[in-house]
Structures are given as structure tokens and as C-alpha cells.
Amino acid sequence: MKSLISLIIGALLGVGGTVYTIKWQDEHLTYEISSPARFGKITYQNLRISNDGWNPAKNVKVFLRGRHLSADGIKESPSFNLKDDSPDIVGGYDRIRRGETATVTFAFKGKPISHDDLLVESDRSIAVLRSPGSQGFVSWPSFFLGMGALFLSSVLAGIVVPAYRSYMETARLAAEREQAASGGGHDRGES
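At position 127 of the sequence shown the residue is numbered 280 (our numbering), and the sequence of numbers has no breaks.
What the hints contain is simulated information worked out from the structure, not anything from laboratory work. Where is the CB? At the ideal position from N, CA and C, for every residue including glycine. Wrong hints could be hidden among the right ones.
Listed below are the simulated DSBU-like cross-link pairs for lysine-lysine, each with C-alpha atoms no more than 30 Å apart in a straight line [to be verified]:
| # | residue 1 | residue 2 |
| --- | --- | --- |
| 1 | LYS228 | LYS262 |
| 2 | LYS262 | LYS214 |
| 3 | LYS214 | LYS194 |
| 4 | LYS228 | LYS264 |
| 5 | LYS264 | LYS194 |
| 6 | LYS214 | LYS264 |
| 7 | LYS214 | LYS228 |
| 8 | LYS155 | LYS194 |
| 9 | LYS228 | LYS211 |
| 10 | LYS262 | LYS236 |
| 11 | LYS236 | LYS264 |
| 12 | LYS236 | LYS214 |
| 13 | LYS194 | LYS211 |
| 14 | LYS262 | LYS194 |
With beta-carbon atoms standing in for the labels, derived distance ranges [said to hold, decoys possible]:
| # | residue 1 | residue 2 | range |
| --- | --- | --- | --- |
| 15 | LEU298 | GLY263 | 42 to 48 Å |
| 16 | GLY311 | ASP237 | 54 to 60 Å |
| 17 | LEU222 | GLU274 | 15 to 21 Å |
| 18 | ARG330 | PHE304 | 38 to 44 Å |
| 19 | LYS236 | PHE297 | 17 to 23 Å |
| 20 | SER239 | GLY299 | 37 to 43 Å |
| 21 | PRO315 | THR171 | 28 to 34 Å |
| 22 | GLY169 | ASP225 | 46 to 52 Å |
| 23 | VAL313 | VAL168 | 21 to 27 Å |
| 24 | PHE297 | GLY219 | 41 to 47 Å |
| 25 | ALA324 | GLY252 | 54 to 60 Å |
| 26 | VAL308 | GLN332 | 15 to 21 Å |
| 27 | LYS228 | ILE279 | 41 to 47 Å |
| 28 | GLY299 | ASP179 | 15 to 21 Å |
All chains, full assembly: derive it from the sequences and hints.
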């Protein structure tokens, strides 16, 4: 039984590690659009694009659907370095490496930009909207802390379960011996 539990725990760790390894090797593009800030008739909004995956995102393009902004109303950091003649394209980057964040600031007149107006895509994926307050992909420290806790709990279970079984067996045998000893002496006392 002990070897079966060890085998199951080992298989779960192996499958979990493999799935996590495959997932973190991909690019993981996310974006968020800030709340609008209005100064007079001009509205300002920031678009932040991040790659939380392992591999760099290549040919990242930013599209603003149904809106036409002048080049003077768009400032980016770092500067766009990808040219494309696609309709609705604002600009792009040849690559965004893991952990990098690019910021595009829009200054315009009219209604604020919503996430439905934006499309951020690379050669391999489409960016997902980052929920407010999220940290993106699992960080290395939390991954190693989680794996360490899982490993230590497995080791602890491997020590505690057999020790508990041994203790229970010893306690049962001692109780039987005590019962046999007191039961025999109890019979003599009644006579």
C-alpha cells in the first residue's frame, strides 16, 4: 500500500511538473487599458502590454478597431519598431521578451477606448485582458515554494503515516497484554 501511495504521488508530481513546464515555455501576452483621464477636451489613456511567459513574443501588433488617431496622439515606450500596412494598426514591436512591458499612451478627443476597441496579437497568440490586480503568470518564487511545500508534505506523510500505524499497532498490543494481565488477575481476585 505504501509503495502504491508513493507511486501515485510521484506520478502526480511528474504530470504536474510536465504540464507546468510546457505552459511556462510559451509566450503569454497580456494587456490592460487604463481608466481615461480627461484634461479639457483631450482624453488620455495608457495601454500596457506584457509578456508573462518564457519565450519572447514576436511581431506584436497593436490594432485599434474603428478608431483613427493621428500619430501625434500616440506615444509609446519603447518606440514602435515594427512597420505594417494592415488596416487599423497603431504600431508594433518585433519582439517583447519575457518580463518586458511596453506602454502606449493615447491622447484623443471623443469617447474612451475600451478593451473591445483593442486587439494585441503576435505571430503565435492573441493577448488576453489582464484583470485588475492580477500578477500575471505564476512567479518563480511562488512556484518553488509550492513545489517545496508539496515535497515536504509528501515526505512528512511518508514518515508520519507509517509511524502512526506502528504506534497504533504497539498500543493495540499493549492494550491486549494489559487486558490479558488484568483479566487473569481479576479472575483470581473474585475467587
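When the hints from earlier in the document are held up against this structure, which numbers fail? Hints 8, 13, 19, 26, 27 are the ones this structure does not satisfy, whereas the remaining hints hold.
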